[in-house]
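Asks: Protein chains in written order, with this note's numbering: chain A, 1 to 289; chain B, 1 to 289; chain C, 1 to 416.
Among the hints, erroneous ones may be present.
Pairs of lysine to aspartate or glutamate, DMTMM-like flavour, derived with a Cα cap of 20 Å [to be verified]:
id: 1; chain 1: A; residue 1: Lys11; chain 2: B; residue 2: Asp116
id: 2; chain 1: B; residue 1: Lys185; chain 2: A; residue 2: Glu6
id: 3; chain 1: B; residue 1: Lys64; chain 2: B; residue 2: Asp41
id: 4; chain 1: A; residue 1: Lys225; chain 2: C; residue 2: Glu66
id: 5; chain 1: C; residue 1: Lys276; chain 2: C; residue 2: Glu348
These aren't lab readings, by the way, just hints derived from the structure by calculation.
What follows is each chain in one-letter form.
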Amino acid sequence: MLARIENYLPKIVLAPTTVVMVVCMYGFIAWTAVLSFTKSRMLPQWDFVGWDQYERLFNNPRWLVAIDNLGIFTLLFIAISLVLGLVLAIFLDRNIRAEGAIRTIYLYPMAVSFIVTGTAWKWILNPGLGIEKLVHDFGFTDFEFRWLVESDMAIYTIVIAAVWQSSGFVMAMFLAGLRGVDDNIVKAAEIDGASPARIYWHIILPIMRPVFFSSIIVLTHIAIKSFDLVQALTGGGPGYSSDLPANFMYTFAFNRAQMGLGAASAMIMLFSVLAIIVPFLYSELREKK
Amino acid sequence: MSHTFANGFNAGRAFIYATLVFFALLYISPLYIILTTSFKDIEEIRSGNLLALPDEPTLYAWIKAWGSACTGSDCNGLAPFFWNSIRIVIPAVLISTIIGALNGYVLAQWRFRGSDMLFGALLFGCFIPFQVILLPMSILLGKMGLANTISGLVMVHVIYGIAFTTLFFRNYYVAIPSDLTKAAKLDGAGFFSIFTNVFLPMSTPIFVVTIIWQFTQIWNDFLFGVVYSGSGTQPITVALNNLVNTSVGGKEYNVDMAAAVIAALPTLLVYVVAGKYFVKGLTAGAVKG
Amino acid sequence: MKMNLATLTVASTLAFNVPLAQSSDVEVLHWWTSGGEAASVKYLKTKLNNSGVSWTDFAVAGGGGENAMTVLKSRAISGNPPTAAQIKGPSIQEWGDLGFLANIDSVAKANNWDSMLPAVVSDVMKHKGSYVAAPVNVHRVNWLWANPEVFRKSGATIPTTWSDFIVQAKKIQDAGYIALAHGGQPWQDATVFEAVVLGVGGADYYKKAFVDLDMSTLKSDTTKAVFKTFGELRQFVDANSPGRDWNVATSMVINGKAGMQIMGDWAKGEFKVANKNVGTDFVCVSAPGTSGSFTFNIDSFAFFKQKNTEDTKAQNVMAKEILSTDFQKVFNLNKGSIPAKLGMARTEFDSCAHDSMDAFVASSQTGGLVPSFAHGMAVSEAVSGAINDTVTNYFNSSLSPSEGMNQLVSAIAAAK
Numbered sequence: 001m002l003a004r005i006e007n008y009l010p011k012i013v014l015a016p017t018t019v020v021m022v023v024c025m026y027g028f029i030a031w032t033a034v035l036s037f038t039k040s041r042m043l044p045q046w047d048f049v050g051w052d053q054y055e056r057l058f059n060n061p062r063w064l065v066a067i068d069n070l071g072i073f074t075l076l077f078i079a080i081s082l083v084l085g086l087v088l089a090i091f092l093d094r095n096i097r098a099e100g101a102i103r104t105i106y107l108y109p110m111a112v113s114f115i116v117t118g119t120a121w122k123w124i125l126n127p128g129l130g131i132e133k134l135v136h137d138f139g140f141t142d143f144e145f146r147w148l149v150e151s152d153m154a155i156y157t158i159v160i161a162a163v164w165q166s167s168g169f170v171m172a173m174f175l176a177g178l179r180g181v182d183d184n185i186v187k188a189a190e191i192d193g194a195s196p197a198r199i200y201w202h203i204i205l206p207i208m209r210p211v212f213f214s215s216i217i218v219l220t221h222i223a224i225k226s227f228d229l230v231q232a233l234t235g236g237g238p239g240y241s242s243d244l245p246a247n248f249m250y251t252f253a254f255n256r257a258q259m260g261l262g263a264a265s266a267m268i269m270l271f272s273v274l275a276i277i278v279p280f281l282y283s284e285l286r287e288k289k
Numbered sequence: 001m002s003h004t005f006a007n008g009f010n011a012g013r014a015f016i017y018a019t020l021v022f023f024a025l026l027y028i029s030p031l032y033i034i035l036t037t038s039f040k041d042i043e044e045i046r047s048g049n050l051l052a053l054p055d056e057p058t059l060y061a062w063i064k065a066w067g068s069a070c071t072g073s074d075c076n077g078l079a080p081f082f083w084n085s086i087r088i089v090i091p092a093v094l095i096s097t098i099i100g101a102l103n104g105y106v107l108a109q110w111r112f113r114g115s116d117m118l119f120g121a122l123l124f125g126c127f128i129p130f131q132v133i134l135l136p137m138s139i140l141l142g143k144m145g146l147a148n149t150i151s152g153l154v155m156v157h158v159i160y161g162i163a164f165t166t167l168f169f170r171n172y173y174v175a176i177p178s179d180l181t182k183a184a185k186l187d188g189a190g191f192f193s194i195f196t197n198v199f200l201p202m203s204t205p206i207f208v209v210t211i212i213w214q215f216t217q218i219w220n221d222f223l224f225g226v227v228y229s230g231s232g233t234q235p236i237t238v239a240l241n242n243l244v245n246t247s248v249g250g251k252e253y254n255v256d257m258a259a260a261v262i263a264a265l266p267t268l269l270v271y272v273v274a275g276k277y278f279v280k281g282l283t284a285g286a287v288k289g
Numbered sequence: 001m002k003m004n005l006a007t008l009t010v011a012s013t014l015a016f017n018v019p020l021a022q023s024s025d026v027e028v029l030h031w032w033t034s035g036g037e038a039a040s041v042k043y044l045k046t047k048l049n050n051s052g053v054s055w056t057d058f059a060v061a062g063g064g065g066e067n068a069m070t071v072l073k074s075r076a077i078s079g080n081p082p083t084a085a086q087i088k089g090p091s092i093q094e095w096g097d098l099g100f101l102a103n104i105d106s107v108a109k110a111n112n113w114d115s116m117l118p119a120v121v122s123d124v125m126k127h128k129g130s131y132v133a134a135p136v137n138v139h140r141v142n143w144l145w146a147n148p149e150v151f152r153k154s155g156a157t158i159p160t161t162w163s164d165f166i167v168q169a170k171k172i173q174d175a176g177y178i179a180l181a182h183g184g185q186p187w188q189d190a191t192v193f194e195a196v197v198l199g200v201g202g203a204d205y206y207k208k209a210f211v212d213l214d215m216s217t218l219k220s221d222t223t224k225a226v227f228k229t230f231g232e233l234r235q236f237v238d239a240n241s242p243g244r245d246w247n248v249a250t251s252m253v254i255n256g257k258a259g260m261q262i263m264g265d266w267a268k269g270e271f272k273v274a275n276k277n278v279g280t281d282f283v284c285v286s287a288p289g290t291s292g293s294f295t296f297n298i299d300s301f302a303f304f305k306q307k308n309t310e311d312t313k314a315q316n317v318m319a320k321e322i323l324s325t326d327f328q329k330v331f332n333l334n335k336g337s338i339p340a341k342l343g344m345a346r347t348e349f350d351s352c353a354h355d356s357m358d359a360f361v362a363s364s365q366t367g368g369l370v371p372s373f374a375h376g377m378a379v380s381e382a383v384s385g386a387i388n389d390t391v392t393n394y395f396n397s398s399l400s401p402s403e404g405m406n407q408l409v410s411a412i413a414a415a416k
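Using the sequences and the accompanying hints, generate a full structural model.
Replies: Take a look at the structure:
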């Protein structure tokens, strides 16, 4: 009898998680999916209107701006964070004095909520207060850095702030990965006369593949959640030029009494993320077996 | 361990140091501005340079932010909310970490038919935009009688933290040869005794990583905190947001900034103190896909 | 060991559980956290305490109530709404339609609200003929705030029409000042736009187009003219305005960096805090071309149905106190608005408030009294949101007036 329970223990342990996952993740997604086919306004109402909300969504110029921005933001954010994180990790891995201090400096932004740093970033990027004024004070009055107040550039300030916040974490992951590389492989390559650059490119980077995998998962997770970043830094402005889908969804569902439309935008968001992430996860997880 | 190639001090090394220091300065500048501003008085902030050190450092802003700044019509500073956050964060981190450890243990060492699929399904949970689950979760919390309570918030954080904690532990335990489990089983050890006697003792690094990650995520959370808290249970991020937006006669940037640092202190502390173990923990396996 | 830890954490969670609201307690959701607002709310809190009702403050700041509304929806849907929440305009009707609001007719009858409140105010507070909310004030939105010193130095005069505004603004700009102090946030863009609509189109056009949402009125030459004037204002705003808070813009007028600001009467509080005197240090006049009109914005608390009778009692006390003479006085002196209650002594109010009171009475007879769409008094949240989007996008781009009009028309049609 006891042995039988013992056999089922793994499944019993996973059962609560499974239930929670089915209800609170997939169940809620399904709930939202259903909601997106209703004409719900202030609160959920179950009058079905077919694809109406999706049609309205893609006729909304603000939505189109938001998904453009998501593309720009996600791509740049992930690419820059990966490159910067990797480079800093490689440099930091070369017997650097005061490594601990420098590492902590790179890591701390992750520890600080953006509600906190948003104000500081606003100052730094504000032409009248921050970098532009500083350079002007040094006498270079032609210098211009006013992305924060320019409609077509504001989204890039969000990228800057997001990279600042997350690249340190990526650096830590890569640093950890580098520390895990077997020294003998490197030594052997050195004896063969390979240059450091070649060793990194041909030997170490391929070993780091799992780190890229984990980093991309973490970064994508952060990119989708980048909502407070926009809220704190630009408020979506100038106009709505730096809006992201998460902000669009929040605004329409909760403040514009267009819950159906908000639900539709959430579904589009979710599916575009899944369309990228599922094949990626699938191929990565397959290969390891 | 760090990698050193057979080269001494040369131009390349100078370049590496220059790059590292340059980025360190860049990364630390927002914190520098936040800190210096918090020690300035309001006159100096208005008239002075953003980057200048305070002329006459004062603790006024810090004292006010902690004990007497207004966060709405109450003026008790951040202190009460600080304790709310502690009461949310500690149980939420512990519970989600323990569940993650057990889940990871099963998924890595006690695979059964469908367990990989379950893991994949759980991973997608990392990518749900949290805005999607706000309302259905409210309904659920209301039905459970947990709406606007600390327990409710703890539950939400646990539920949406499990995906990540499970990922961390599963990836850590998957690197441990399954022969170990098999041998222990032959010796007559059961499911839980293998976990506590074999796996737990070697899990310190991954516990550190997971706890740091969860602590940061939950402490800095704003969205869940604002939506699922009631009066008296609001976490510090919500209070900070209120404080920053509350001004009675002119904005006190120094108080805002001091409040910002107070709100970030626990996470900063965690990163500074445990930063070393964090990278070690990651090295020990968390990043092995 | 593991089990112990788990039980321990669960137990500690339960122990930490905060008891629900006690008897004779009002929990009030609001986002009045800045300037005189916070002080005013505090006064109400003290008053209620004196009547034996304790006030649980539930402030959620930010974004003109964006976060607060999300919280309110979440709480309503979880079956646990606060006692009262800061809701206004047509939103009160939407909440009423959903059946969440409490009927406070008994308080209203006992205290003669029908004779105490102007019809235009009480209409907003009623759902299907019953009071469900209590007004705290009436804001006038169509104000122009000016720094006379800047005008003197630039040889400009206070503009009375929008075409004159453009002439005078040029003078101020040529003299080296920022002509229009402005914060580039959607609601501020909409506030200025609203003043242009009223000044260029007049009250009748305003009501037909932006209250009744008559499509043929919206798609007209008048709308095009409105967008043309509004577009010309782009040049008078400094490049750093995007994201700026309204009170920072006001301080530009106070410090003499800028000549004018178009903003509701809450801006007065900023002048007061800076110890500036009306008439000498700053001037308040109605926005160009709107002198006979009054764009109103009424703040109010809506009351939610409560489960136990103690809470309902406390709720009624709160409703009564909101319309007490001293609260209306203190609140509005702090906030810069005028009392919602009729027939109050005017002596303690300043000349801007007197102007406002006179204009309120006069415009209600001439038909110039219009609800503010920029502040959610005229149309549903969906439509006012659509207007905000179009207006802010237009102001921050180089779209032509007819493009602006077409976007507005299609956005409103989609949101209706």
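Asks: Is it true that the CA of B/Lys185 sits at most 20 Å from the CA of A/Glu6?
Replies: Between B/Lys185 and A/Glu6 the Cα gap is close to 11 Å, so the pair holds against 20 Å.
Asks: Given the proposed pairing of C/Lys276 with C/Glu348, does the C-alpha separation stay at or below 20 Å?
Replies: holds, 17 Å
Asks: Keeping to a limit of 20 Å between CA atoms, is the pair of B/Lys64 and B/Asp41 held or broken?
Replies: holds, 12 Å
Asks: For A/Lys225 and C/Glu66, compute the direct alpha-carbon distance and say whether it is at most 20 Å.
Replies: holds, 18 Å
Asks: A/Lys11 and B/Asp116: Cα distance at most 20 Å?
Replies: holds, 13 Å
Every hint, counting from the list given before, is met by this structure.
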